[in-house]
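Heads up: the sequence lines are chains Y and W, in that order.
Heads up: the first sequence at position 146 corresponds to 146 in the UniProt record's numbering, and the numbers run straight through without jumps.
Heads up: the second sequence at position 443 corresponds to 443 in the UniProt record's numbering, and the numbers run straight through without jumps.
Calculated directly from the structure, the hints in this document are not laboratory data.
Accuracy of the hints is not assured; some may be wrong.
[Claimed, not checked] Quick look at which bits of chain W chain Y covers, simulated, 3 or more residues with Cβ under 8 angstroms:
id	stretch
1	37-48
2	126-135
3	362-374
Even glycine gets a Cβ: it sits at the ideal position worked out from N, Cα and C.
Chain by chain, the residues:
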Amino acid sequence: MAPVRCLLPLLPALALALGPAAGELRRPLALGEAEELWEELWDAEGLPGDLPELEPECRRLLAAFAEGSATLTGCLGRRARPVRLCQDCHRHYRRLLAQYGSIARAIGNSSESHNCAKSILTSDRLQIVVTLSEFFNETWETANCANCLKNSSEGLSNSTVEFLDLFNKSLTCFEHNLQGQAIDLSPNNYTEVCKNCNETYKMLNELYNNLQRMNRQGGESGHSAHLCIDVEDAMNITRKLWSRTFNCSVPCSDTVPVIAVSSFILFLPIVFYLSSFLHSKQKKRILILPKRIQSNASLVNIQEKYS
Amino acid sequence: QFTPSSFLRIGQLSNVDLNEDIRELETELPRQHPNEIPHNEKLLSLKYESLDYDNSENQLFLEEERRINHTAFRTVEIKRWVICAMIGILTGLVACFIDIVVENLAGLKYRVVKGNIDKFTEKGGLSFSLLLWATLNASVVMVGSVIVAFIEPVAAGSGIPQIKCYLNGVKIPHVVRLKTLVIKVCGVILSVVGGLAVGKEGPMIHSGAVIAAGISQGRSTSLKRDFKIFEYFRRDTEKRDFVSAGAAAGVSAAFGAPVGGVLFSLEEGASFWNQFLTWRIFFASMISTFTLNSVLSVYHGNAWDLSSPGLINFGRFDNEKMGYTIQEIPIFIFMGVVGGILGALFNALNYWLTMFRIRYIHRPCLQVVEAMLVAAVTATVGFVMIYCSRDCQPIQGSTVAYPLQLFCADGEYNSMATAFFNTPEKSVVNLFHDPPGSYNPMTLGMFTLMYFFLACWTYGLTVSAGVFIPSLLIGAAWGRLFGISLSYLTKGSIWADPGKYALMGAAAQLGGIVRMTLSLTVIMMEATGNVTYGFPIMLVLMTAKIVGDYFVEGLYDMHIQLQSVPFLHWEAPVTSHSLTAREVMSTPVTCLRRIERVGTVVDILSDTSSNHNGFPVVESNPDTTQVAGLRGLILRSQLIVLLKHKVFVERANLSLVQRRLKLKDFRDAYPRFPPIQSIHVSQDERECMIDLSEFMNPSPYTVPQEASLPRVFKLFRALGLRHLVVVDNRNEVVGMVTRKDLARYRLGKEGLEELSLAQT
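Please put together the full structure from these sequences, using the hints given.
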């Protein structure tokens with residue numbers, strides 16, 4: 001209740017501060033202009049009077065956070081396809097984390113004067129800063145970026161760098177071989193690519209599988225068995241190119257032997273059941289005749305005897 | 001309305017199969033020589049005996065009960081709780097063991113086969129992969145089948161019919177032995193690893209029951225170890241209570257459904273029930289699922305997570321898409337109808353197959369060969385389906401354990417392989433939870449069809465394996481198919497999430513096959529962890545049962561019948577009021593006199609033609625004018641103990657220092673009393689006399705001759721009797737009603753039928 005009461009006398013001052021600007025111009029302000037004006041006022045000196053709403057220190061932190069999240073969002077959006085989130089945005093992400101951290105740090109000691117955490121993070125229903133930060137964290141988590149960064153998050157890990165190198169190499173190889181081919185390349189004739197880039201592709205595949213295996217073994221239970229999204233997506237693109245577009249991986253289908261073997265196995269039970277039906281001696285049960293009163297006559301006898 | 005004699009004839013007529021041997025019987029040809037007939041469902045085997053659920057309240061027992069004071073009774077009560085806790089813990093641990101071993105062995109197998117297939121996809125020669133897969137399966141199943149067929153045949157199947165019979169009061173030989181448990185556990189592991197269309201959940205119930213029976217006795221006769229504890233519980237009545245707790249603990253470990261476990265015991269074996277027992281059983285169930293949960297959590301590396309309460313987890317069904325609306329309820333009911341019809345078809349096919357197996361494939365080596373063939377064919381069918389399928393799904397973002405590429409493009413996997421190239425439990429969960437579009441309808445249809453026949457063929461093999469998971473899998477597959485076609489029909493309406501329909505299909509199929517109602521509803525509800533599903537699941541199961549019962553009976557009941565077990569249902573057949581105890585009973589009865597000559601007793605016991613277990617004791621009066629009224633009832637086991645300890649009148653006079661026989665002597669011999677042949681009685685001793693009055697049950701239950709069959713049945717069933725003496729109005733024994741006398745009346749298609757007794 002207390003903050004409201006101390007704010008109340010300030011409201012006329014606020015109106016006064018706005019009043020002259022609106023009066024002088026004497027024309028209906030466009031909405032955008034009004035907003036800009038408000039922002040200017042806000043950015044420059046804050047609320048007129050000594051509004052204790054936000055400490056300058058906190059305002060600075062908030063502005064930094066806004067800046068950082070804008071950059072990160074831009075980065076994420078630009079790197080969406082083909083996916084390069086982890087490689088290109090990790091610096092922004094780290095910076096944002098730090099900024100959020102400095103806002104939230106003061107949360108413990110609420111008695112302190114510059115209590116930014118309280119005023120920025122928890123003083124309204126929307127809590128937009130928290131929401132934003134949660135969104136970024138979640139995205140990062142889902143993308144599993146931690147997997148291809150170094151433990152201290154400074155730069156890409158060695159295996160990722162190695163993988164990306166190889167990936168670029170195979171892409172170059174594809175490109176090179178496609179260019180080398182005649183202009184009139186028919187859509188199904190990619191044999192050149194398949195032959196020349198097979199080695200690189202195999203290596204890439206191998207490396208990817210190795211990474212996956214290592215990840216699965218060393219992975220804590222919390223992390224899923226996924227690699228980071230960049231690596232996964234890169235591999236995915238390559239594989240699609242390789243087996244869908246170039247049609248390079250043609251598995252040997254040997255239908256005849258499979259049919260032969262399976263029909264042999266499927267034939268066995270028929271033989272088994274037929275032979276056991278014909279040769280096995282059928283199990284007979286021996287009926288036991290129960291000891292019972294056989295007929296009415298004996299019943300009558302008994303009754304007569306006893307009555 | 002039939003007169004008794006005409007009824008009997010009709011009963012026999014209805015027994016006639018299309019068989020010449022019985023034609024003889026029909027024409028009333030000489031009935032002296034034994035008739036041989038092929039096995040059929042209308043028989044009762046002499047092999048099965050009743051359990052003594054009724055306490056023999058003889059003098060020894062009364063003396064002992066009088067000696068026990070109030071505090072001692074309290075100790076007994078505490079011991080009961082301790083035993084229940086131990087049952088829970090051990091059952092949970094056994095379930096963990098099975099789960100972990102299966103996971104590792106199956107993982108190893110699939111990795112080997114996958115590696116092989118990947119290798120040969122490039123170079124050609126996939127037929128070798130097929131051979132490898134088939135051979136691996138067949139050899140693993142061979143081991144599993146050999147141990148079952150040659151060491152302990154009672155461990156075959158899911159074990160639920162056997163436990164049902166045990167709780168009903170039928171003594172199935174070897175059913176609760178330690179050896180059976182070991183074979184069962186190993187057999188389950190091997191048959192699941194061998195890739196058969198089976199699950200490991202049903203056998204958990206049997207395992208729990210064996211554990212309960214073992215612990216409550218405080219000793220193992222197989223290992224010849226006696227821990228000298230829990231001696232008070234060494235009789236059939238107490239053991240039965242613990243066995244029902246063990247069965248509940250087994251269900252609870254299998255599905256993570258403690259309440260479902262309690263209700264299972266209630267539904268299957270609950271003619272003997274009270275609230276304290278229920279509470280104890282619930283305790284055992286809870287302990288069991290908690291043990292499994294904590295041990296598996298530690299094994300999976302997140303120790304405090306407690307996220308795997310059962311062997312099978314249906315996963316979480318709690319997002320908005322999984323909810324249902326009222327409009328969908330008729331659709332669910334329709335699914336119940338489909339489930340009932342498919343279940344009836346499954347049971348009917350399995351019936352013919354089982355009959356064939358009993359008649360022709362009865363030699364153990366043939367059974368092993370059959371199991372191996374099924375394993376090889378299962379692998380082959382799976383391989384051919386995967387080979388022919390062109391349904392490829394992107395590998396990214398999917399949770400497939402062993403993605404098999406085969407002819408798909410790089411980075412994609414074969415969708416059919418997720419269903420076939422996996423343990424059935426995993427496949428079920430995949431069908432429930434994979435996002436829409438993971439399977440195309442063709443794949444699901446083919447899979448349902450193939451798996452239906454494979455599962456039907458597999459159940460009844462001489463391997464220990466359950467039918468729960470295959471049923472769920474079939475149902476989940478067609479349910480998902482149903483859901484997909486619904487969303488096609490409704491142009492992709494939001495509520496047609498295929499996972500939900502997969503669940504309902506699974507419930508319908510399982511209900512159509514096993515026909516359990518209350519317990520199955522609760523089990524499914526607990527396994528999904530979603531109480532709001534209770535209502536549709538109940539409706540689905542109800543419909544499936546009604547529709548299925550119209551055609552054939554449930555799978556377990558069918559197998560009980562095919563085994564010729566004298567199983568007593570809840571009620572006597574509805575049209576049996578015209579029968580009285582006189583027609584039902586066996587007569588004449590072999591009676592013993594209260595003071596009987598040892599020679600006579602030995603002769604009666606050794607007579608192989610009449611393998612009786614209970615003998616009415618009548619007054620031993622020398623003059624024939626007086627009638628010999630009923631004085632009590634004595635059991636074969638008691639007589640054998642008496643003979644073994646030579647409790648003869650003459651000896652008692654000779655040596656007064658001789659120890660008096662106590663109840664403990666009877667308990668020590670329980671449950672495997674020596675056969676009469678092993679007891680040596682000399683010629684002199686044969687002339688001695690034996691006084692039974694102290695050992696016989698002086699107050700056996702009796703009925704007059706005029707009592708109707710339903711009345712006799714009710715008394716017999718509700719009290720869990722083994723012998724019911726029929727007396728005339730002068731208290732003279734005229735007949736004896738036993739389990740087989742009552743179980744032979746059954747309501748068939750053409751009214752009341754009478755089963756015949758047979759030596760099996």
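Hint check results:
Residues of the stretch 37-48 of chain W lying with their CB closer than 8 angstroms to a CB of chain Y number 5, which satisfies the three-residue condition for coverage. Against chain Y, the stretch 126-135 of chain W contributes 5 residues with a C-beta closer than 8 angstroms to a partner C-beta. That satisfies the three-residue criterion, and the hint holds. Counting residues of the stretch 362-374 of chain W whose beta-carbon sits less than 8 angstroms from any beta-carbon of chain Y gives 7, enough to reach three: the coverage restraint holds.
Consistency note: the structure conflicts with none of the earlier hints.
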